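Each chain, letter by letter, is given below.
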Amino acid sequence: MTMKCFRCGAVLDKGNICPACGADVSTYKKIISFSNKFYNDALEKANVRDMTGAINSLRESLKLDKNNIDARNLLGLIYFETGEAVAALSEWVISKNLKAEDNLADYYMDMVRNSPAQLDNINQTIKKFNIALNYCHQDGLDLAVIQLKKVLSLNPGFIKAHLLLALLYLNSGNWDRAKIECQKALKLDSGNVMAKRYLKEADSMLLPGESGKLVSDIASSDSEDVIRYNSGNEMIIQPVKKSPLTKTTSIWGIVLGAILGVAAACFLILPQRIQSINSTNQSKIAQISEESDSKSAQINDYEQQIKSLQSQIADLESRVTDYEGVDSTSAAMNSLMNATNIYLTDSSDIDGMAAALEKLDLNVISDDVSTEFTTLYDTLMSLVGTKLATSYYNTGYDAYKAEDYETAIANLAKAYQYDNSNVNTLYYLGNSYYQSGDLDNAKTTYDAVITNFPDTQSASSAQTKLAEINNSGN
Amino acid sequence: MINFEEELKKFRPSLEIEDAEDIIYNQDLDDMSDVLIKLLKNAKADGQDNQKR
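Chains as they are written, first to last, in the working numbering: chain A, 1 to 474; chain B, 1 to 53.
Treat the hints with care, since some could be wrong.
Partial list, derived from the structure: chain B residues whose beta carbon lies under 7 Å from chain A [what the hints assert, rightly or not]:
| hint | residue |
| --- | --- |
| 1 | 2 |
| 2 | 3 |
| 3 | 4 |
| 4 | 6 |
| 5 | 11 |
| 6 | 15 |
| 7 | 17 |
| 8 | 23 |
| 9 | 24 |
| 10 | 28 |
| 11 | 29 |
| 12 | 31 |
| 13 | 32 |
Beta-carbon label-pair distances, calculated as ranges [to be verified]:
| hint | chain 1 | residue 1 | chain 2 | residue 2 | range |
| --- | --- | --- | --- | --- | --- |
| 14 | A | 110 | B | 27 | 18 to 26 Å |
| 15 | A | 43 | B | 39 | 25 to 33 Å |
| 16 | A | 30 | B | 41 | 33 to 41 Å |
| 17 | A | 146 | B | 27 | 15 to 23 Å |
| 18 | A | 204 | B | 38 | 24 to 32 Å |
| 19 | A | 146 | B | 34 | 24 to 32 Å |
| 20 | A | 142 | B | 2 | 14 to 22 Å |
| 21 | B | 38 | A | 115 | 38 to 46 Å |
| 22 | A | 17 | B | 38 | 29 to 37 Å |
Here are the computed lysine to aspartate or glutamate pairs in the DMTMM-like style, where the Cα-Cα straight-line distance is at most 20 Å [claimed, not checked]:
| hint | chain 1 | residue 1 | chain 2 | residue 2 |
| --- | --- | --- | --- | --- |
| 23 | A | 149 | A | 110 |
| 24 | A | 200 | B | 6 |
| 25 | B | 9 | A | 139 |
| 26 | A | 96 | A | 106 |
| 27 | A | 196 | B | 5 |
| 28 | A | 37 | A | 60 |
| 29 | A | 150 | A | 110 |
| 30 | A | 37 | A | 50 |
| 31 | B | 10 | A | 139 |
| 32 | A | 96 | B | 7 |
| 33 | A | 29 | B | 34 |
| 34 | A | 401 | A | 378 |
| 35 | A | 150 | A | 120 |
| 36 | A | 30 | A | 13 |
| 37 | A | 196 | B | 7 |
| 38 | A | 99 | B | 34 |
| 39 | A | 63 | B | 31 |
| 40 | A | 30 | B | 31 |
No wet-lab data here; the hints were simulated from the structure. The structure displayed is predicted, hence computed values, not measured ones. Glycine is no exception: its CB is placed at the ideal position from the N, C-alpha and C atoms.
This is chain B alone, in the form it adopts within the complex (with noise of 0.2 Å):
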């Protein structure tokens, strides 16, 4: 049996013309590749702080 109430909260107001400009400037951009080069960048941060230790 479904929920009426439950299931009306799964429905989001659509985006109107009017707000595209911040979805655009709001969407998060970052793929698997962003990820991977902050992961090496992160590692080779620590990699250097541990050769000072």
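Just chain A, same shape as in the assembly (with noise of 0.2 Å):
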């Protein structure tokens, strides 16, 4: 490398004058011994990862020579290696300004230039990085800490980052992890203080294990004594518990067992058991709809049944009725005709003639018998209706005066068939109900008497007895 004058620029030989301005530069070319010395040191420093060792050299290599193009490319190499890219970039781009020519500079920031998502990408970690600080000043160190933990997904050697992080560790009482994010910092910068601090200070808290050691240098060994996994970027370590109630700790597995058991058999077992049950229900419901859907069929088929046997019912009842009015018919036919034959025979045999015509009541088959009957009928009757009428009212009278009002009502109604003119035969029709104690024909048979022979002393007594049947209702 060669060395040129303070003053005039030229090129300097191994003496302490400038062969071209004549210039002391004893003096100066110590200051250029030192800063190569600085930047031997730091060039030691750098090989070892002591990069704040490194840093603090070249910079002091800088302040005596700030020529020294290969200190101050080092100095941006190793800002950029712990993360300050930016830092990085400022100091190669003035080295490329103190030295346009033949510059190592070049090749560094050609390989950030070519590499635009490596650029973007440091850009983002760095931004990053600001946000979680400023999440650290406003009290949000929980989103600091998620923030940190981005940051170093992102860019591994972020060594500030590192450092944020293990302070927040050590700020929650995160000792481990504390310690680890100090000694993944002291492992990308062996030199650095403020992780070694806080090493330290995540030491000093944590508590010795069993065996005298610290749980954090457990951690680190192999021991088999605790079990180690990592979760993301964070590595968790969990000791394993050699403690006198492992027996209880067995108890208390069996129980645990027996209850997942059970929660096994309710939540797999028994959800098979009731949907198979249900469709076993399901099926036989299906099964029993089916039966009634049938049956419901049948009871219709039963209801047209009844309905048809009721009909037919009902027709034969029309005819046993019809076949019982031929039978009166012809018994009142036969009656009459016997009737005709006594009269024929013995035209004074009163009481065989109303034993023969005992039975007949001609309105009752009026509508069934034909004309020639009745004219027959008619024509007897106005032979001996008066003398069959005569004998009844007489019997009638007779039981009545005797009060023998059931025998008096059959003659007195019977008379009062056969000839309808006599006035007292109705009234004591009447009498012989009212006094027999009913008093509905009482009422009608004076309501005749009343109306078929008005003007009459039995139409007068009949008022009377009407109103005294009335009165005892009232």
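Build the complex from these two chains, which are given one at a time in their own frames, with help from the hints.
What follows is the structure, given as structure tokens:
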């Protein structure tokens, strides 16, 4: 590396006087020598990853000689390695300005420039770190931790992020985690004073383990007494406990297993069982429903049959009635012919004719008999009706007097049937009804007396009787 | 015992790409040689002033 005069810029030789301007360059040469010594010192420190020491030496070197291009380029490289990409680029740009030709800074800048994704990644990392720092100042420490974890996932070599995360862990009492972050930082920069201080703090806060070692030391060792596994960026260290409560723990484990078994039965077996029962029940319900439908159809059939049978019964009943009518009509005809025969044989045999006509009631069979029958009946009545009526009246009146009202009613009714012109027959019939307690028929009969035989003594008497019945009813 | 607040003050925001230009222009690049030259200039100026008096 050639040395140039600080006054005129001419290339110096081994002497202490500038060959061009004659200036004394001995002091200047000593300064350059010191600068180079600092550079060499920085180089040695960088080789053992003492980045802090290397940065300090390089800064001293550049204070002595700003034109020490190697020192400036190395400073940029170390900045880049520790995650300070912008500071690195600044040093390389200055280096390029101080020495435009044959400068290693060109290579470094091209390396960054030709990888826009990496540059963007660096920029994002820096921004996220600044956001995390801002969270710290605003007491958003949890958010800061999350943000720093993102930063370190993007750039694991960002020492400042490791240190800030370690500080946050120390503040929250996560000594193990703080120690791990400090160790990572020291792995990247073995001379980092801050990392050492935080590590010391973490170690002092960690409680010694059973073997007298720190928990963090046990974690970092290959001891089989701990279980280590990674969760994301974090290493989880779980000590294997060997407490005297092992038996109790086992019992609890059995109980827990039993509970889990029951829970599994409830959540895995029972649902299937319930489902199978439900399906069985549904099939049964479907079967019962089908049977019910068939029963309903049968019931409908039976109802139809009942209706049909009822109509048949009604038809048969009407036929029976017709036949009964025929019988009664036939009996009436026989009675009339018998009575006629008696009259023709012996016209004075009133009792015989009365006996023959006893069961003949023209009012009942009037619709079923022929005109000839009616004519014969009327003819016979014109011949013997009055006599029959008198016979019945006498019998009925005697019974009335004897207070045999049932006989009186039967005979007086017959008497009125054969001769409806006798007011006494009707009046005594009414009296018989009245005396026997049949007030409805008594009233009807008295009404007939008043209507059919007005202005008679019997009518006025019937009127009085009717008034008595009405008064007694009120 | 570490004081969190005091330690937090030691952390400065990282320089972002947008700040690079300002950093480069504002960086003090004077080295020992520049200091010596200034000292010599000042010494020479003082000598000339003394001669004039």
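Results of checking the hints against the structure:
Hint status for residue 2 of chain B relative to chain A: holds, with the closest Cβ pair at about 5 Å, below 7 Å. Because the smallest distance between the Cβ of residue 3 of chain B and any Cβ of chain A comes to about 10 Å, over 7 Å, the interface hint for this residue is violated. Because the beta carbon of residue 4 of chain B sits about 5 Å from the nearest beta carbon in chain A, less than 7 Å, this interface hint is met. Taking 7 Å as the C-beta contact cut-off toward chain A, the hint placing residue 6 of chain B at the interface is violated, the least distance being around 11 Å.
Because the beta carbon of residue 11 of chain B sits about 6 Å from the nearest beta carbon in chain A, less than 7 Å, this interface hint is met. For residue 15 of chain B, the interface hint holds, the least distance from its beta-carbon to any beta-carbon of chain A being 4 Å, beneath 7 Å. Restraint check, residue 17 of chain B versus chain A: the minimum CB separation of about 5 Å is within 7 Å; hint holds. The beta carbon of residue 23 of chain B is positioned within 7 Å of a beta carbon in chain A (closest approach about 5 Å), and the interface hint is therefore held.
Satisfaction of the interface hint for residue 24 of chain B is found here, the shortest Cβ-Cβ separation to chain A being roughly 5 Å, below the 7 Å cut-off. Look at residue 28 of chain B: its Cβ only gets to about 10 Å from chain A, farther than 7 Å, so that hint breaks. Hint on residue 29 of chain B holds. Least Cβ distance to chain A is approximately 5 Å, under the 7 Å limit. For residue 31 of chain B, the interface hint holds, the least distance from its beta-carbon to any beta-carbon of chain A being 4 Å, beneath 7 Å.
Taken as an interface hint, residue 32 of chain B checks out: its beta carbon lies about 5 Å from the nearest beta carbon of chain A, inside 7 Å. A hinted range of 18 to 26 Å holds for the C-beta pair residue 110 of chain A and residue 27 of chain B, which are about 22 Å apart. In this structure the hint that residue 43 of chain A and residue 39 of chain B lie 25 to 33 Å apart at CB holds, the actual value being about 30 Å. The supplied range of 33 to 41 Å is broken by residue 30 of chain A and residue 41 of chain B, whose beta-carbon atoms lie about 20 Å from each other.
At about 35 Å, the CB distance of residue 146 of chain A to residue 27 of chain B disagrees with the hint of 15 to 23 Å. A C-beta distance of roughly 49 Å is found between residue 204 of chain A and residue 38 of chain B, which places it outside the suggested range of 24 to 32 Å. Separation of residue 146 of chain A from residue 34 of chain B is about 47 Å and departs from the stated range, judged on CB atoms against 24 to 32 Å. At about 19 Å, the beta-carbon gap between residue 142 of chain A and residue 2 of chain B stays in the expected band of 14 to 22 Å.
For residue 38 of chain B and residue 115 of chain A, the Cβ-Cβ distance of about 42 Å falls inside the hinted range of 38 to 46 Å, so the restraint holds. In this structure the supplied range 29 to 37 Å is violated for residue 17 of chain A paired with residue 38 of chain B, their Cβ-Cβ distance being about 22 Å. In summary, the hint linking residue 149 of chain A to residue 110 of chain A is not supported, as the alpha carbons are separated by about 29 Å, beyond the 20 Å threshold. For the given pair, residue 200 of chain A sits about 17 Å from residue 6 of chain B by alpha-carbon distance, which is consistent with the 20 Å threshold.
Straight-line distance between C-alpha atoms of residue 9 of chain B and residue 139 of chain A comes to about 14 Å, which keeps the hinted pair within the 20 Å bound. Between residue 96 of chain A and residue 106 of chain A the CA atoms are separated by roughly 7 Å; this keeps the pair inside 20 Å, and the hint holds. As the CA atoms of residue 196 of chain A and residue 5 of chain B are separated by approximately 18 Å, the hinted pair is consistent with the 20 Å bound. Annotation: proposed proximity of residue 37 of chain A to residue 60 of chain A holds, straight-line Cα distance about 10 Å (limit 20 Å).
The straight-line distance between the Cα atoms of residue 150 of chain A and residue 110 of chain A is roughly 27 Å, outside the 20 Å bound, and the hint therefore fails. Simply put, residue 37 of chain A and residue 50 of chain A have alpha-carbon atoms about 17 Å apart, close enough for the 20 Å limit, and the pair holds. A C-alpha spacing of about 16 Å is found between residue 10 of chain B and residue 139 of chain A, which places the hinted pair at or below 20 Å, so the restraint holds. A distance of roughly 36 Å separates the Cα atoms of residue 96 of chain A and residue 7 of chain B; the hinted pair therefore is violated under the 20 Å criterion.
Only pairs whose Cα atoms come within 20 Å are accepted, and residue 29 of chain A paired with residue 34 of chain B is accepted, the gap being roughly 14 Å. Simply put, residue 401 of chain A and residue 378 of chain A have alpha-carbon atoms about 32 Å apart, too far for the 20 Å limit, and the pair is violated. Restraint check for residue 150 of chain A and residue 120 of chain A: the C-alpha separation of about 15 Å stays at or below 20 Å, so the hint holds. Distance restraint check for residue 30 of chain A and residue 13 of chain A: the Cα-Cα separation of roughly 14 Å lies within the 20 Å cut-off, and the hinted pair is therefore satisfied.
For the suggested pair residue 196 of chain A and residue 7 of chain B, the alpha carbons sit about 14 Å apart, so the restraint of at most 20 Å is met. Between residue 99 of chain A and residue 34 of chain B the alpha-carbon distance is near 18 Å, which keeps this suggested pair within the 20 Å criterion. Between the alpha carbons of residue 63 of chain A and residue 31 of chain B the distance comes to roughly 5 Å, so the proposed pair stays at or under 20 Å and holds. Restraint check for residue 30 of chain A and residue 31 of chain B: satisfied, since their Cα atoms lie roughly 13 Å apart, inside the 20 Å limit.
Checked against the numbered hints given earlier, the structure breaks hints 2, 4, 10, 16, 17, 18, 19, 22, 23, 29, 32, 34 and satisfies all the rest.
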